[in-house]
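Just so you know, the protein sequences line up as chains A and B, in that order. Last residue of the first sequence? That's 299 in this note's numbering, and every number before it is there in order. Last residue of the second sequence? That's 1157 in this note's numbering, and every number before it is there in order.
Treat the hints as calculated values from the structure; they're not laboratory data. Where a beta carbon is used, it is the ideal one built from N, C-alpha and C, also for glycine. Treat the hints loosely; a few may be bogus.
Computed, partial: chain A to chain B, Cβ under 10 Å [stated by the list, open to error]:
id : residue
1  : N41
2  : R49
3  : R50
4  : L56
5  : G214
6  : L258
7  : A259
8  : Y260
Using 30 Å as the maximum straight-line C-alpha spacing, the simulated DSS-like pairs for lysine-lysine come out as follows [unchecked claim]:
id : chain 1 : residue 1 : chain 2 : residue 2
9  : B       : K1009     : A       : K106
10 : A       : K246      : B       : K1044
11 : B       : K1044     : A       : K54
12 : A       : K44       : B       : K1069
13 : B       : K1064     : A       : K269
14 : B       : K1069     : A       : K130
15 : A       : K188      : A       : K125
16 : A       : K46       : B       : K1044
17 : A       : K60       : B       : K1064
18 : B       : K1124     : A       : K269
19 : B       : K1083     : A       : K103
Computed beta-carbon distance windows for the label pairs [stated by the list, open to error]:
id : chain 1 : residue 1 : chain 2 : residue 2 : range
20 : B       : R1051     : A       : K130      : 53 to 63 Å
21 : A       : Y100      : B       : E1053     : 24 to 34 Å
22 : B       : K1044     : A       : Q29       : 52 to 62 Å
23 : A       : P225      : B       : E1053     : 19 to 29 Å
24 : A       : F15       : B       : K1018     : 52 to 62 Å
25 : A       : G214      : B       : S1036     : 26 to 36 Å
26 : A       : V272      : B       : S1036     : 55 to 65 Å
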Amino acid sequence: MLESKLVSSEGIELFKNFVEEVYKKVEEQKKVFEDVLSTINVKKFKANRRWALKVLRGVKVVGVDGSQITPLREFGIPAGAVQVASYVVEHGLGSWEVRYVSKLVKLEENIDAVRYSMEMQSIVKNMDSKSYVFYDGSFSPSFAKELKPEIGRRYVESARKALKKSEETKTPLFGYTDRSYAKDIAKKCGIDVYDSFLLSGMEYMSYTEPLRSGELSYCYAKFSPSLPSRIEFPCWMEKNFDSMLKVVCAECLLGSTLAYPFVLERAHKYAVISERERRAIVESIGHSNLSFKWISKRR
Amino acid sequence: MRVVRVTDKVFEVEGNLKVGEIVKAGECFAVVVSVSEEEPEYMKYAGELNREEIEAYMPDVVEKTVISKCFVLRGMGENTSPKVGDEVREVSDEELREFHLRNGEFRIPYFYNLLKSCDIEIAKSVLLRLKRIFDKEEIIDILLKEVDYMMLHHMLR
């Protein structure tokens, strides 16, 4: 504990020492990390943007992402809203569309859980055996365990339905987490560190073999000089893993940063409830004369 | 077409309107003063790929957004600014007639500000539209002559 402001000479010194301590520990563990990495099969893509066009020619890809306006905090009223966008593109053919689903959410509902379940429903709707479907997130959100059991169950059930539908329709499905805090590999090795950190020594454009976490498969792939990303997928996809992962790599090379799937960038762009849209909603609701006192009593 | 941005004197509409056209958004009358295209996201994705490749593989990033800027015709009663999201439509002659009449008398109190803030051609196009509706109003003829003189004076300077 520090008995002064954080941004003071004393506070900054403390912060600096803390960061140096963490780096020191990481350096000490580096050897252990290298040992772990050497036990995992890693392959590498020889890829560039022209290669990406070749891989994606004629391939239909869908990106699903959602956004939300939380009740009260932004609205000043006892309702929020969720909007989920499915961005569909047929690469090489120049055709694309965006499909939306939106829902108003009551104050007493868990808006994050509603959003997740709507995102999973949108994924299910896009399963047509012809598309590759991408989701910006995990099919096994670690925080679900920390929630009220009925809400946690809602997360698990929604994801399970999407994974099941993928297997039934043989529609490849990827959950892409750019910055993952999962510890599956680390736990197996008895280390308390994030997997992405543990595998930070992976080479650029390399990816691990498919690994299992319960009923879910996952791998790590390094498409940027930063930490590797976690990619989750249903177990049935392990059979054609290499060719399916090519599509993920190609999508990343099409993205504006060359390191994050293009379809997810676009889905995010269309899903976001823009500032002007928020203002329009707030202004239109401003006329309904809702009582803030009433809202606080309801809470 | 809908309003996407509002400031005190001006609002912006996503869509291609005609410069000089008089429009209505919510209860607000305005004249279109400019139409411009917002930069597409093309450059963000281009790199070594050419335009044809971008169009084929990332078709939505080459689409342009057209923004029409509209100057609010203030001074006529409650002609308050529109709200973001309000639909924008062309104004009929009948609506324009009603908008400019107070107790049966023709009025155009916004004209000074219009002249001060916008291109003179815009002011002229508003007057020409009004002339078609109020063909016997001498004040419109006087203003038109004044505008023509200003334009000529500007050209000769």
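Does the CB of R50 (chain A) sit less than 10 Å away from some CB of chain B? holds, 8 Å
Check whether the Cα positions of K1009 (chain B) and K106 (chain A) lie no farther apart than 30 Å. violated, 37 Å
Let's test the interface hint: is any C-beta of chain B closer than 10 Å to that of Y260 (chain A)? With Cβ-Cβ at 12 Å, over 10 Å, it is violated.
Any CB of chain B closer than 10 Å to the CB of L258 (chain A)? Interface hint status for L258 (chain A): holds (8 Å vs cutoff 10 Å).
Does K1044 (chain B) sit within 30 Å of K246 (chain A), going by the straight-line distance between their CA atoms? holds, 23 Å
Does K103 (chain A) sit within 30 Å of K1083 (chain B), going by the straight-line distance between their CA atoms? It holds: about 23 Å lies between the C-alpha atoms, which stays within 30 Å.
Taking the CB of Y100 (chain A) and the CB of E1053 (chain B), does the distance hold inside 24 to 34 Å? Taking Cβ atoms as reference, Y100 (chain A) and E1053 (chain B) lie about 28 Å apart, which means the hint holds.
Does G214 (chain A) pass the interface hint, meaning its C-beta sits closer than 10 Å to a C-beta of chain B? Because about 36 Å separates G214 (chain A) from the closest Cβ in chain B, which is outside the 10 Å limit, the hint is violated.
Taking the Cβ atom of K1044 (chain B) and the Cβ atom of Q29 (chain A), is their distance within the range 52 to 62 Å? violated, 38 Å
Distance restraint hint 52 to 62 Å, applied to the beta-carbon atoms of F15 (chain A) and K1018 (chain B): Cβ of F15 (chain A) to Cβ of K1018 (chain B): about 59 Å, so the range 52 to 62 Å holds.
Status of the given 55 to 65 Å range, CB of S1036 (chain B) versus CB of V272 (chain A): Violated - the Cβ-Cβ distance for V272 (chain A) and S1036 (chain B), about 23 Å, lies outside 55 to 65 Å.
Straight-line Cα separation of K188 (chain A) and K125 (chain A) no greater than 30 Å? Violated, because 36 Å separates the two Cα atoms, which is more than 30 Å.
The structure fails to meet hints 1, 5, 7, 8, 9, 12, 14, 15, 18, 20, 22, 25 and 26 from the earlier list, while all remaining hints are met.
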